[in-house]
Amino acid sequence: MNFLSGIGRATLTFLEAAGRLALFTLTALSHCVRPPFYLRHIGRQMVEIGYYSLPVVGLTAVFTGMVLALQSYSGFSRFSAESAIATVVVLSITRELGPVLAGLMVAGRIGAAMAAELGTMRVTEQVDALTTLATNPYKYLVAPRLIAGTTMLPILVLIADIIGVFGGYLVSVYRLGFNPSSYINNTWQYLEFMDVVSGLVKAAAFGFVISLMGCYHGYHSRGGAQGVGAATTNAVVSSSILILVLNYLLTGIFFS
Amino acid sequence: MSEPLELNGAMEVPKIALRGVKKAFGPKVVLDGVDLDVKRGESVVIIGGSGTGKSVLLKSILGILQPDSGTISIDGEDTTHIGGRDRERVMRKFGMLFQGAALFDSLPVWENVAFGLIQGQGVGRREARERAIATLAAVGLGPDVAELSPAELSGGMQKRVGLARAVCTNPEIIFFDEPTTGLDPIMADVINDLIVKCVKNLGATALSITHDMASARKIADRIAMLYKGKLIWVGPVSEIDNSGNPYVDQFIHGRAEGPIQMQIKAF
Ligand SMILES: Nc1ncnc2c1ncn2[C@@H]1O[C@H](COP(=O)(O)OP(=O)(O)O)[C@@H](O)[C@H]1O
Ligand SMILES: [Mg+2]
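Quick note, the sequences are listed as chains A and B, same order.
Numbering-wise (the working numbering), the first sequence opens with residue 6 and increments by one.
Numbering-wise (the working numbering), the second sequence opens with residue 25 and increments by one.
Not one of these hints is a red herring.
If you want a taste of the chain A side facing chain B, the calculated C-beta under 7 Å gives, among others:
no., residue
1, 129
2, 130
3, 131
4, 133
5, 134
6, 136
7, 137
8, 138
9, 139
10, 140
Here are the computed distance ranges between Cβ atoms for each label pair:
no., chain 1, residue 1, chain 2, residue 2, range
11, B, 108, A, 22, 22 to 32 Å
12, A, 24, B, 209, 42 to 52 Å
13, A, 13, B, 51, 12 to 22 Å
Quick caveat, the hints were computed from the structure, so don't treat them as lab data.
For glycine and all other residues, C-beta sits at the position ideal for the given N, C-alpha and C.
Full structure from sequences and hints, please.
Structural data, given as structure tokens:
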């Protein structure tokens, strides 16, 4: 009996959480498309997410490109396929590593910050204070973050793509002794429009998920500093896992 | 226009009317049927021990929490289950001073005070700023404070900014959640005076909660005592010392012995 009731309780808890998340998402989305829009806040979030994440995303991208070139050289030289290195670098970066690694880095940076900020606002009653000042917290706090996350991540990833390819170019040309112009030619040769676009669509989805998880966990945090800490952890962990799962699903949709 | 109503007090629609308001969190019953009328221009103070549900009651009236049953009416309009634009319209009648001031720490002091004007009423930033600085002056804070961030202020100053934010939009009804808790006695009295002054100047209706009897005596026209989810005594402030209610007597004299048994252990 106890065993069964345990299963039942876990199921109910899960369904309740899923329902609450779905409701949160729908409410937030409905406020994203209905005026008034807090342009000042959307702008501030865009700068926070897009501009201030550039260094960490750029560093990640350049080292990923470099290590890709190095690894594929040591592998491909065994069967004299060194000319494929440029293609491997650009395809891996634009299709997979650019969006996924940028997503994970931004999840750690932005998702955590959002959860901590909204969580602190929740436990210090600032969210309630917003309501009493006739301002909807979904519209004022959540919608700008969702909009900024969804629009800024593709731009970040586009920049990361370029920096990553450049990292591969640096290693190939200056360390492995490739001819610069033939490396660039090889890069373009097999790259298709769809490779880049699929990566950017993934990035938009990841940006949405990061902001959503950050806001959701922050908005529903309770219980003082400890609750905010838990919300921050949950936001980063859940958005990272969702990024990996979504990446698999979207890859399946795009390339099968 | 409202003169005829005032002539006949019995007919006047109460500003706030609570009927059988109940609220439980899981198995824990916090409000167990609260009835209360607050008349226009009246200042009612709810007293009660910590954790008796005073804040929950205020938040239910404000619409931040949904009561499980019962009705809450503002100006005769049932607001228990309204949402969206209707809720925002009712919210514009309210000002609220939170227990911890709840200032927005991402905004400077003046924007905190002007928030209801800018976001709620669409007043331009320049005019809102001027009105915010005037309101800050009314609570005894100079224009130099306006540019500071809330984190740079002492507790007493934060409470004053919170008070300025609550009254800046000229609300019809103002709520004060433990306005003097955590302040030294002198600052507490300053806040009490400010509350009395602000409420008088606006001609507003006030509903406050506190466990500070000095504060309650100063700002209340009527006092209500919340105990075990019910208002066990409601009466004018002049009768609080002769209430004949042993619970009230124990509370206002702050005695450990009496009918109210503190729950030392969390159950
Ligand atoms: N959101 C909530 N979820 C669960 N329990 C709550 C919530 N808000 C308040 N409570 C409980 O309700 C009781 C009354 O709280 P409160 O109204 O804050 O007391 P006070 O009279 O000191 O203001 C407390 O025991 C508290 O644990
Ligand atoms: Mg309280």
